[in-house]
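Asks: Taking this note's numbering, the leading residue of the sequence shown gets -3, the next gets one more, and so forth.
To be clear, the hints were calculated from the coordinates, so they are not data collected in a lab. Backbone N, C-alpha and C define an ideal beta-carbon position, used for all residues, glycine too. Watch out, some of these pointers could steer you wrong.
[Stated by the list, open to error] Keeping only pairs whose Cα atoms sit at most 25 Å apart, straight-line, the calculated SDA-like set for lysine to any residue is:
#, residue 1, residue 2
1, Lys202, Leu83
2, Lys99, Gly197
3, Lys103, Pro113
4, Lys202, Leu116
5, Lys51, Tyr41
6, Lys103, Leu116
7, Lys51, Arg68
8, Lys99, Ala88
9, Lys51, Phe39
[Stated by the list, open to error] The following label-pair restraints were derived from C-beta to C-beta distances:
#, residue 1, residue 2, range
10, Val221, Gly124, 39 to 49 Å
11, Ser145, Asp182, 14 to 24 Å
12, Ile214, Ser141, 41 to 51 Å
13, Trp134, Thr284, 44 to 54 Å
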Amino acid sequence: MTAVAVAAKPSLRHRLAERGIDRVLLLLVPGVVFAVALFLYPFLYGLQLSFTPKKGGPFSNYAEFFRDPYLRNTMWTTLWIALPATLINVLASIPIAYVMRGKMRGKRTLTTILVVPITLGTVLTAQGLITYTGPAGWLNKVLSSLGISDEPLPLIHNYTGVLLSLVITGFPFAFLLTLSYLSGIDPTLERAAATLGASWGQRFRKITMPLLAPGLAITFCLSFVMAFSVFPSANLVGDPSGTTRVISIAAYHAAFEEYNFSMGSTIAMIMAVIMLLVIGLVMIWRTTLYRGATGGKG
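Work out the full structure: start from the sequences and follow the hints.
Replies: Below you can see the structure in the form of structure tokens.
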């Protein structure tokens, strides 16, 4: 009886496998090591560095940041740039992705055109904006020759220039994500509603948007993180010492111009907290949305 009981008892390996712990998990080791080496350790080191200011107590850098209006206002400037750019990209991607999710002529060509700015990067995009929309750019030359405008339109080296740059570089990313979520929604749901007499507006409002909204929340978060960390655009087509002095410029200035790495780390930590707060609010809102099956990626 003892031998039979021992033979019937599953081994430790089998018991662990039943809980999802097996050799396959070893494949996660390179990814974990990579994440620790390139993210977790630098983050913890930067966090520790932010509490070791050149003078004062451990919270002196944080107190100085919020006490100094020139530093504190960089938060609101960055949010004032990043939030509108993110909203424009996400909202503009919905109708375009909705039209392109089905079969249509020239779909691949149009998709390629829409995502080309991803390959350009922020520097080339900024250079293009200067060439086309600058005071001596093609746009202002055309407007002047047609008698539409006597003075060049102020489209660069200000808030407008940075916003345009973020929209151009961020829209392809938002569009691809929105298209993937829309493509995952079962089209038979809308056809069934149509057979019951629902109009296009009713189908979109009652079926498509509730199923798409959780995906849009993720798209918004990822797009916001990209826009909030704006740096090249704010320098190249913005006003880095004035209206577009964003928080990343303040961090760079503290670390690499004043050589105050502790303050630079403090500003970076504040950036991270702001992004996490915005993402947290969006994800809380997401939990109130439809979370059932959509028949695909949505």
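Asks: If a hint holds in the structure, say so; if it does not, say that too.
Replies: Verification of the supplied hints:
Simply put, lysine 202 and leucine 83 have alpha-carbon atoms about 22 Å apart, close enough for the 25 Å limit, and the pair holds. Distance restraint check for lysine 99 and glycine 197: the Cα-Cα separation of roughly 20 Å lies within the 25 Å cut-off, and the hinted pair is therefore satisfied. For the suggested pair lysine 103 and proline 113, the alpha carbons sit about 17 Å apart, so the restraint of at most 25 Å is met. With a CA separation close to 38 Å, the supplied pair lysine 202 and leucine 116 exceeds the 25 Å bound.
The suggested pairing of lysine 51 with tyrosine 41 holds, with an alpha-carbon distance near 19 Å, which does not exceed 25 Å. For the proposed pair lysine 103 and leucine 116, the alpha carbon gap of about 21 Å is at most 25 Å, so the pair holds. In summary, the hint linking lysine 51 to arginine 68 is supported, as the alpha carbons are separated by about 20 Å, within the 25 Å threshold. Distance check on the hinted pair: lysine 99 and alanine 88 sit about 20 Å apart at the alpha-carbon level, within 25 Å; holds.
Restraint check for lysine 51 and phenylalanine 39: the C-alpha separation of about 22 Å stays at or below 25 Å, so the hint holds. At roughly 24 Å, the beta-carbon separation of valine 221 and glycine 124 lies outside the given 39 to 49 Å, and the hint is violated. Take serine 145 and aspartate 182: their Cβ atoms lie about 50 Å apart, and the range 14 to 24 Å is violated. A C-beta distance of roughly 46 Å is found between isoleucine 214 and serine 141, which places it inside the suggested range of 41 to 51 Å.
Here the CB-CB span from tryptophan 134 to threonine 284 is close to 47 Å, well matched to the stated 44 to 54 Å.
Consistency note: the structure conflicts with the earlier hints numbered 4, 10 and 11.
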